[in-house]
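Chains A and B, in that order, give the protein sequences.
For the first sequence, position 287 matches number 287 in this note's numbering, and the numbering has no gaps at all.
Remember, this note's numbering sits 306 above the position in the second sequence when you count from 1.
Just so you know, these hints were derived from the structure itself, not from any lab.
Please read all numbers here as calculations on a predicted model, not as lab measurements.
Think of the CB as a built atom: it goes at the ideal place given N, C-alpha and C, for glycine as much as any other residue.
Take these hints with a grain of salt, some might be off.
As the list claims (entries may be wrong) - Label-pair ranges, simulated between beta-carbon atoms: (1) B:Pro468 with A:Leu268: 21 to 31 Å; (2) A:Arg194 with B:Arg648: 28 to 38 Å; (3) A:Leu268 with B:Ser439: 36 to 46 Å; (4) B:Ser471 with A:Ala4: 26 to 36 Å; (5) B:Lys587 with A:Gly190: 44 to 54 Å; (6) A:Leu64 with B:Ser471: 42 to 52 Å; (7) B:Thr515 with A:Ser304: 26 to 36 Å.
Given next are the chains, with one letter for each unit.
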Amino acid sequence: MWEAILSPDFFSSMLRTATPILFATLGAGIAAKAGITNMALEGIMLFSALFGVIFSSLTQSAWLGLLITVVIGGLMGLILAFIVLNLKTDEILAAVAINLMATGGTVLIMVAFSGDRGVSSSIRSVSAPMVVIPFIEQIPFIGKVISGQNVLTWLALLAVLVLHLFLYRTPLGLSIRAVGENKNAAESVGISSRRIQYIALILSGALASAGGFYLSGGYMNMFTKDMSSGRGFIALAASSMGGNTPVGGLLVSLLFGVAQAFANIMQLLSLMPYEIILMVPYLTTLVGLGVYYYTQKKRKERLSGK
Amino acid sequence: MNSVKKFDILRMFLSVLVALALSFLLIFVLSEEPVEAIKNLVIGPFSSRRNMGSVIESMIPLIFTGTGICIMFSANQINLSAEGAFQIGGLAASCVAIYFTADILSPLAALLLAGLIGALFSVVPAILKITTSASEMVSSLMINYVALYFGTYMLNNIIADPRASSASYELCPASELPVLVSGTRIHLGLIVALLVAVFGYFFLYKTKTGYELRLTGVNEAFARYSGVNIVKVIVSSQLIGGFIAGLGGGVEMLSPIYTRFNWTTLTGYGWDAIIISTLAKNNPLYVPFAALFLAYLRTGASIMARRTDVTLDIVQITQGIIIILVVAEQFLSRYRHKLIAREAKAALSGEEVA
Numbered sequence: 001m002w003e004a005i006l007s008p009d010f011f012s013s014m015l016r017t018a019t020p021i022l023f024a025t026l027g028a029g030i031a032a033k034a035g036i037t038n039m040a041l042e043g044i045m046l047f048s049a050l051f052g053v054i055f056s057s058l059t060q061s062a063w064l065g066l067l068i069t070v071v072i073g074g075l076m077g078l079i080l081a082f083i084v085l086n087l088k089t090d091e092i093l094a095a096v097a098i099n100l101m102a103t104g105g106t107v108l109i110m111v112a113f114s115g116d117r118g119v120s121s122s123i124r125s126v127s128a129p130m131v132v133i134p135f136i137e138q139i140p141f142i143g144k145v146i147s148g149q150n151v152l153t154w155l156a157l158l159a160v161l162v163l164h165l166f167l168y169r170t171p172l173g174l175s176i177r178a179v180g181e182n183k184n185a186a187e188s189v190g191i192s193s194r195r196i197q198y199i200a201l202i203l204s205g206a207l208a209s210a211g212g213f214y215l216s217g218g219y220m221n222m223f224t225k226d227m228s229s230g231r232g233f234i235a236l237a238a239s240s241m242g243g244n245t246p247v248g249g250l251l252v253s254l255l256f257g258v259a260q261a262f263a264n265i266m267q268l269l270s271l272m273p274y275e276i277i278l279m280v281p282y283l284t285t286l287v288g289l290g291v292y293y294y295t296q297k298k299r300k301e302r303l304s305g306k
Numbered sequence: 307m308n309s310v311k312k313f314d315i316l317r318m319f320l321s322v323l324v325a326l327a328l329s330f331l332l333i334f335v336l337s338e339e340p341v342e343a344i345k346n347l348v349i350g351p352f353s354s355r356r357n358m359g360s361v362i363e364s365m366i367p368l369i370f371t372g373t374g375i376c377i378m379f380s381a382n383q384i385n386l387s388a389e390g391a392f393q394i395g396g397l398a399a400s401c402v403a404i405y406f407t408a409d410i411l412s413p414l415a416a417l418l419l420a421g422l423i424g425a426l427f428s429v430v431p432a433i434l435k436i437t438t439s440a441s442e443m444v445s446s447l448m449i450n451y452v453a454l455y456f457g458t459y460m461l462n463n464i465i466a467d468p469r470a471s472s473a474s475y476e477l478c479p480a481s482e483l484p485v486l487v488s489g490t491r492i493h494l495g496l497i498v499a500l501l502v503a504v505f506g507y508f509f510l511y512k513t514k515t516g517y518e519l520r521l522t523g524v525n526e527a528f529a530r531y532s533g534v535n536i537v538k539v540i541v542s543s544q545l546i547g548g549f550i551a552g553l554g555g556g557v558e559m560l561s562p563i564y565t566r567f568n569w570t571t572l573t574g575y576g577w578d579a580i581i582i583s584t585l586a587k588n589n590p591l592y593v594p595f596a597a598l599f600l601a602y603l604r605t606g607a608s609i610m611a612r613r614t615d616v617t618l619d620i621v622q623i624t625q626g627i628i629i630i631l632v633v634a635e636q637f638l639s640r641y642r643h644k645l646i647a648r649e650a651k652a653a654l655s656g657e658e659v660a
């Protein structure tokens, strides 16, 4: 078993399964930094997985497909912002509504577009390419892990860096954090909280849609019904466990990747029933959430001298 | 009833009508035979005794999870574990019903266990919140999947019938809830469901704990200063809500609709419950009506999907629009404000005359 865990395949599958979660986690993080719980990530990812297939097949280009999908993802973030901020709908209920519409809407759109019902097998979509890095590819262990990953995995890692710099090194990032920290205080120094929350939700939607695109154009090469299967929810948990920071989100997403890669190995070796293995990521997140918040609480209590 | 309250009810009906109108519009865009589709959707449920029965049948699980969510949400706990509690309640009831075959005692034990397991399940996010202050919403989302995979584990490894494909052994006939109306599958569970809804109403609106619960939901800090034991209130509300959702899963499993446990995906009744509690404004007394409406819509849509080219999935769009319009404070808010102003003026001039 240890042999399998220390193999390059293990680390490579960890990165592969962590990618969609990471995108959505970053999306959850930026919304949370602006003070909004974006539970609609699940629905946005599902819509984007379908749009990715449709638009990459229409343009016959993965990049154009990705671009259009991300723009639509941003639009969905905008719609969510409008519903929550202008129509003053509760953010959780708005998200429930969007997720419901995504479950039904994706099937309706798929049927209307191609006649497929469960799987988009008749849509000729284009997946995002793998990146083979010369020279590094030759290095025995690391080469197999790093080279041959999907380009979106690299984009996700790049997004962590960009988002970190954006949140902690730019004035707009500062405003986002200020609004999330204390809306009234931010308003009192002339920051329009509504404008900031709009921006944060648009970015959140765009990030989640990149994760959705990866699901149907990288992780798999087609759209299947309900394929986001709770990843948007896991992202909420992952982000909250990582303190809603991009780097923290990355670490927890990788942890989730480890759990999933571990599950894959156990399934191959059939050491445990696979249903128990499928449970592992959710149990990990549940326990992780508890541990993280417990240490946070203890630290706060210690700092306030109780 | 003052005119603002009347207006709120009117507004809800209007939201539902707008949502239906938008869905009809969508049917016109998507379908080759839109008139036929809409006819089936609207009139289909009344077309036969069987179809009318199926509206009532599908209302039953919705009443359970709807009432459960009303109680959980009234304490302002966004605990979404009703979905998992329903699943695991169904599993628990089937396990009992497979191995314990005594008359009358078997369904009673099965339902009791379903409720208890549901309660223990739904209280986990609340306890996690109290001890570690982790968001109950996030942990309840995670724990639902634990319930799902635990259910499929039991189904495939412990109670699997080798002669059936991914289904458990048959539930014993003694456990099956009796049918109330011949020619349909409306079963005893309907009575249990209605009793639960009435119980929910009395608990929330006529008992001290219920009052404390709602007070905590509206303003936790105020409740704490007034001497309400917040921890007790939160834990008991999630226990009761989870019990009801789990009981619902058990009742559904023992109903004539199922002869074996075969749930390999989450049922979605936990999410439907959120629509119901929204329509019922968290009052269990209105839950059966909201459930009836949703069940009617579902049955109509499945008849439409069987007879025409429009798929069942359109209902989810309708439901989504309904939630947004009902919850959106700003929908028709200008008229509401006008009404409030007019009423205030009338009250003032009335005082002057007196």
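task: Would you pick out the hints that fail for this structure and give their numbers low to high?
output: 5
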